[in-house]
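Peer 1: Go by the hints and put chains B and C onto chain A.
Which chain is which? The protein sequence lines are A, B and C, in order. Counting in our numbering, the first sequence runs from 3 upward without gaps. Counting in our numbering, the second sequence runs from 3 upward without gaps. Counting in our numbering, the third sequence runs from 3 upward without gaps.
Hints listed in this document are in silico derivations from the structure and should not be mistaken for laboratory results. Certain hints may be false.
One copy or two, either will do: identical chains are not told apart, so a pair holds if it fits within one copy or between any two.
Claimed, not checked - With a straight-line Cα cutoff of 30 Å, these simulated DSSO-like cross-link-like pairs (lysine-lysine) come out:
{"no.": "1", "residue 1": "284", "residue 2": "558"}
{"no.": "2", "residue 1": "588", "residue 2": "156"}
{"no.": "3", "residue 1": "282", "residue 2": "558"}
{"no.": "4", "residue 1": "21", "residue 2": "513"}
{"no.": "5", "residue 1": "566", "residue 2": "533"}
{"no.": "6", "residue 1": "284", "residue 2": "156"}
{"no.": "7", "residue 1": "566", "residue 2": "646"}
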Amino acid sequence: MKLGVCYYPEQWPEEQWAKDADEMVSLGLQLVRIGEFSWSRIESERNQFTWEWLDRAIQVLAARGLNIVLGSPTACPPRWLIDECPEILATDEYGNPRKFGSRRHYCFSSRRYREECERIVTVMAQRYGGHPAVVAWQTDNEYGCHETTLSYSKSAADAFRDWLAERYKSVEQLNESWGTVFWSQEYQSFGEIDPPVATVTEANPAHQLDYRRFASDEVVSFNQLQVKIIRHCAPNADVIHNFMGFSTDFDHHEVGRDLDVSTWDSYPLGFLEQGWFSEKEKQAYLRQGHPDFAAFHHDLYRGCSNGRMWVMEQQPGPVNWAPYNPAPLPGMVRTWTWEAFAHGAEVVSYFRWRQAPFGQEQMHSGLNLPNGDRDTAFDEVLQVAQELEELTITGSTIAPVALVWSYQAQWITQIQPQGENFSSLIWAYTCYSVLREIGLDVDIVSPQASLEGYQLVVCPCLPTVDESFPSTLASLDVPVLLGMRTGSKTENYQIPRELPPGPLSSLIPLKVSRVESLRPGASEAVVYEGKHYQVEQWLEWVDSDLLPLASTEDGKGVWFHHNKVHYLATWPEPGFLREVMLRLCKQAGLAVGVLPEGARSRRLGDLQFVFNYNNHAIRLPDNGGRVFRLGQPEIPAGGIAAYKIND
Amino acid sequence: MKLGVCYYPEQWPEEQWAKDADEMVSLGLQLVRIGEFSWSRIESERNQFTWEWLDRAIQVLAARGLNIVLGSPTACPPRWLIDECPEILATDEYGNPRKFGSRRHYCFSSRRYREECERIVTVMAQRYGGHPAVVAWQTDNEYGCHETTLSYSKSAADAFRDWLAERYKSVEQLNESWGTVFWSQEYQSFGEIDPPVATVTEANPAHQLDYRRFASDEVVSFNQLQVKIIRHCAPNADVIHNFMGFSTDFDHHEVGRDLDVSTWDSYPLGFLEQGWFSEKEKQAYLRQGHPDFAAFHHDLYRGCSNGRMWVMEQQPGPVNWAPYNPAPLPGMVRTWTWEAFAHGAEVVSYFRWRQAPFGQEQMHSGLNLPNGDRDTAFDEVLQVAQELEELTITGSTIAPVALVWSYQAQWITQIQPQGENFSSLIWAYTCYSVLREIGLDVDIVSPQASLEGYQLVVCPCLPTVDESFPSTLASLDVPVLLGMRTGSKTENYQIPRELPPGPLSSLIPLKVSRVESLRPGASEAVVYEGKHYQVEQWLEWVDSDLLPLASTEDGKGVWFHHNKVHYLATWPEPGFLREVMLRLCKQAGLAVGVLPEGARSRRLGDLQFVFNYNNHAIRLPDNGGRVFRLGQPEIPAGGIAAYKIND
Amino acid sequence: MKLGVCYYPEQWPEEQWAKDADEMVSLGLQLVRIGEFSWSRIESERNQFTWEWLDRAIQVLAARGLNIVLGSPTACPPRWLIDECPEILATDEYGNPRKFGSRRHYCFSSRRYREECERIVTVMAQRYGGHPAVVAWQTDNEYGCHETTLSYSKSAADAFRDWLAERYKSVEQLNESWGTVFWSQEYQSFGEIDPPVATVTEANPAHQLDYRRFASDEVVSFNQLQVKIIRHCAPNADVIHNFMGFSTDFDHHEVGRDLDVSTWDSYPLGFLEQGWFSEKEKQAYLRQGHPDFAAFHHDLYRGCSNGRMWVMEQQPGPVNWAPYNPAPLPGMVRTWTWEAFAHGAEVVSYFRWRQAPFGQEQMHSGLNLPNGDRDTAFDEVLQVAQELEELTITGSTIAPVALVWSYQAQWITQIQPQGENFSSLIWAYTCYSVLREIGLDVDIVSPQASLEGYQLVVCPCLPTVDESFPSTLASLDVPVLLGMRTGSKTENYQIPRELPPGPLSSLIPLKVSRVESLRPGASEAVVYEGKHYQVEQWLEWVDSDLLPLASTEDGKGVWFHHNKVHYLATWPEPGFLREVMLRLCKQAGLAVGVLPEGARSRRLGDLQFVFNYNNHAIRLPDNGGRVFRLGQPEIPAGGIAAYKIND
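This is chain A alone, in the form it adopts within the complex:
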């Protein structure tokens, strides 16, 4: 558990570097990320390299024992390079190139740009790959940020056609798979196929899904190119990338597989403001962030690179980019930091050391003010550094629940939501929230991950499943929850021959004959164990001989189970979803404990952490024997406590 910071030596006078490094050390930081936006400073004209400043910057840091994460500078190709090869630019859906002047203006599919990336990453990796202080390399920066995964350039269209030819071998096979006989869309050759964009009404959903898969694959191969070079030149360093919050345009599981560590950039307040949360939640958690936001991503990204996860950028104060930008509660930065560690982060690194007085992010706070004074978070980090030194944690951490999440599920439900606001991401997040509210630790895993050892498996929404998935689930012998739309599509975006849930009907004998989506405000009453609840948004008509656990008033079953496999055919209101989860836990023999509203917990080794996301204090239920290692039973607004577990 280490602390780090993001630093931009190129933005400050060289005479300040040593002072900065000294202060980092005295603050207790161990890791410094640099370099990821420095291309124009490294190579101001083609092949005119200026490495000396970077050499010295690394030297200043290394000399003080700081380790370095070095970023490849490919997120920002410089102006001269764009002018030399304008085909590098990504293209919007109307064919307009996205212009130079901010960042991430390149197209993942530009072969020309890949050559340039290969060139710059190679020279950089050759120069610093052997440096002992450079312990990790970050590829690029925030893939997909500012909606940059999808591009509609000529490069992309060409690469897409190649990708299709590779996938389908023959155009007849493609026509069959996509069902192009519908609306007279049959193709005679791969060369006829465009990206599915700017059509009069929606394009064929299989066409769209393949474009999403293709675009994701382009990110994967773009990243692999850099990883390969770096591994060759820096065999002992970790290769990482910094993912984003609520980012689903490419398959993070696949990119993560090529990395040593999946890191991510945690901005709880910014994502509350720009997210889908209700007005009530936005007011209640204004200066704390939503209680599950950071944890969801910790648990998600921990599942992308064999369990290794860092927070590469931790919000330290108000940011500049959300619709509104309040400040965290006092103590909140410390709480976010400890929460990350509790969820398995090896590193928490703050963005950024010092607020820049210029440029797009000049209103983004840092650990220090632009004039060099300490900003508010500085002292909270200092406290964490001291606590880290004092705290001993032993034992291992095992989450009892697996929540299965698939990026492809999100693409499929985005392409045809059927109800305007249906989101498999929000639904998965909602399931995750309810699980945490009842005190459970959760691993968010890919459908390809091993599910061995979990006591409960929740699949909120997996429209497509691999052939082996049903038998994998069958072999587990633990309760499994399959949510709506699971098994509803084939790999080619078709309704399965046997109707949904397709192959999963081998686990539970039912089929879905009809789907209703309901506008906000419309709902159906269901009865479960004598109590009435509402279900919303989505209602499947299920044909089955099974006796449902809950039904609508006119007798449609919405929750079925067969042995340990459960199928939930609707979107329950939170209170009913909790009942569903509680029943599954009971069946699993899992102990649960409902936390105070707005509080969450996580076990790390032999410590139980509790995080109070409320803007008021809470008091943990009296439990005489608890030994508190951090805080105490009364947890202040935005605060934490950690007590020892005696297993």
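Peer 2: Okay, now just chains B and C, sitting in the frame of chain A:
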């Protein structure tokens, strides 16, 4: 009164066709529409025709006594054709071509595409024109769907200039008519005139109106081209087209004039969700549709082709394309079907026989599920088929009220609504609703239609009227209601010299000197017969010596009458509009009877149908002697009843 | 104090001109604006001039003693000119030219268009510059209307690069000033720099600010070109331009400096409907306009051309261009007219003499109806004309309060609002409203204006200040209020080295270390003199040894003062803002008197005017001795009164 279905043999294995046809017959269907999206399957490369499959499909259906509606496949020009002549594509207002990959991507003004349509329709009509089972031909599919009436291609611009030259003869005449001296817009030649699009602020309204007229004329002539070929090759078949709901971008009266039957596609739930209805209505009628939606279109399209009307596509379950897609109430499909017949439909045809498991509409339900099982509506259709056999209806149906509707009125009020949300369509629909709520049957007719024989004529909003219209109205000697904006513009989109209502002031001596549009929430109180009501949205200042029937509190008359001609200068709240209609009915000697809220009625021959659009049962007022042929006085949610009328 | 009207002889038969002119005279008008949209009528082809009609029109007016404001016709280059040089057209942010067909389609940066303007203005000014009746010239029409200040044409891009080269001399200096090291944006030459548009995420804010400055400078130089020609040919005429409401895209102070009179177009109802006002205000002031709208602009534009201000276009009835277009209350046109005079207008001119029956503005009312009858406002103008003859006003008018307004402040806060809805314009307007509610007369002045003689200076938000500004303020020895964000940026859009308020910290010892923006509904409670208030939107964390006058509940000072300089670090609710202003007034020794809600006052010479913007009557507090020259203590809805002040 026949039942039919839409069927896509090209989407299913040939071995299934016979089984499908057998089941159609046993369900009681008599008509099957096929072919309208089959171009790529018919002609996979230029002049490489594959008719055999279609021959066999027709044969399979015909052999079982099913009649066929054959669709010309021009709504979906195939990929190879687009690649050969990209100028076929329609163009958006920024000059971007609308891309291949869905449907309706062609431009009505492409002369090249007209040649191609002529070619494909000719070969198709020559092949099947004489087939005895092919009893009707559908031109294209849903003209204007996905906002495709207006295109801004070079073809369209060129054709527009020719259209203008034909209309105005000299550019001086155009300048005079449009008032181009305003803002220095005078033209020196027709060649200088662009489509009125992408201007800095609004373009000249007369310019805009002419573009709307031109675009409508292009649809008319596009359709005529096909009609002419089909009539030549299939002289005994009906030529039809399937219109849409709330579709006003081209003049359906003019297209309908060239057809034998105006058919339309009735999706009551989809149009409730995507329509302008209030949140309250969307909740109350969630699974029924708005009570006047289907009827309005039945009555409208019945007026387009000399009284002949079909429902070509009837919603059978949830659709895929509305913001939210609930399922109809049990029995609702039967109710919609009977309602169509009661309003004069000769055919009700369901879309579609079997839900497709692939393509854009895979979530659109049919009479059968993708796996071949019956879907819910199947049994309701079966019931209708049986009822049709058993029911005898005698006598003719005459609606006592004419509601005059003009497509041009809609264009004029869209071009300059004056108040942001003013819609002559919504206003006409509102008038129609109130008339039906008081139990009246209504014909919706064009301003060119004969008004002889009606007992009441309602003109909700006719900004322009033909020269002869005032004398036509004067000759009727029945109550006439002229709504706001009627007579407010000349043919050239100018304010008439004598001020509104222009030539109609010969019928009622008043003039409109000023117009106010009011934001939502703003209203004026009016007093009528001692009661207070609110008027909203629109308030005209009327100069007249007539004593108003109702006035605002500060004395502005809002409702005038002179002999039997009434002028309504505002948008009354529903309760007040009902009072207006009731007074007119009284003057007309028309019997009215207010129905329970959410119920509607329609007389067909000697039967009075009552439709319960509520989601709860209603009971018709006790009326001992009524003989019920369908249902009974207690009508369930979404149900119908029909009783015999003893005139 | 004169009355005038806008007139378009080219739109009416010549035989009507004399009658119109006679009626203008009998109505009491003295000034007539003509010609500003007449280019296509003056020059129908290149160098084919038709002056005769204009000669005669001027003659008809002049013969009756009417003075003329002649408009240069450059707001509407005719079609033939656009076809000859399409590069005249402005270009939107996606590179699409804005099309011919409405108005203001030219690009300010087109050098070709400037030549054409020079040509047409020269011939026009040579022809009419010496005409004794042409007492004023209007350059162009409503610069910036329809968002036309910013264009992204090639001409604009080229001119921007020249502008940058002139400003920064070297690209190194530009890189340094903009901080282009951020995100690797360093430039090697001025030629590499594009307009800051269509970037993937926001462009560098200094880049954006310079583009805003450049675009404003283009308007200034475009206007200067015409002014220079007119002054040469018509040395005795006033040169004017007609500004708009809430128009901030170019620096009106700078354009105004080149004019003799800043005139503006006052449409209180249109701007209420399309403005930011609350739903409650939009309902309450539906037919009156917001009580501060007209006054704000009178006071603002009076500060642009050495105190000379006219209303060039006064709304006379419903307009056509707002989302909703109600009519003014009876008497409201008279009230608006008197209010303009009370605020120093030399001329109030109505738009327009007669409503046009054709063209885009056919639903815009005038003093007369299209058929020649008088419209409602006619009689109100007649009344004003008579009152003007009867009323004697003596003495001078001096406003005690200066409110400092900067266009650059608006650009800076638009570029990075930090909170989505932050607007320095709304904030300045809010401060202005509160000052007027407590009965104060206000001059709105530029930061470069002299502040001598004012008793109170309010700077709502000035992110950048000139070097001399702090010492100017220091020398005044009157209370000064500095609002949030003042001094928060350098000239190069950077945070000042010493933190905000930068150089102004010499006046009050504090610094702003952090900024929070708050979503609507979020607020902080503050205590001032024992009472609780809320502050919203914006909250600065201020470091200072000063004892705050008000603080949040957790102790953050939000209002500080040091001697007479006050700093307000937040956006107070109206009641609290009033307390702030009242305290400042007390410190200034300024008498205040809270007016009835919805009423406003203004002193003109020895008369105190009171305007009742309510839709109900009010009664001024009894004050026996008052001698009323207009109206009486009971002021009707939308009415005025004026009484003599005995100083």
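Peer 1: Run through the hints listed earlier and report the numbers of any the structure violates, in increasing order.
Peer 2: 2, 6 and 7
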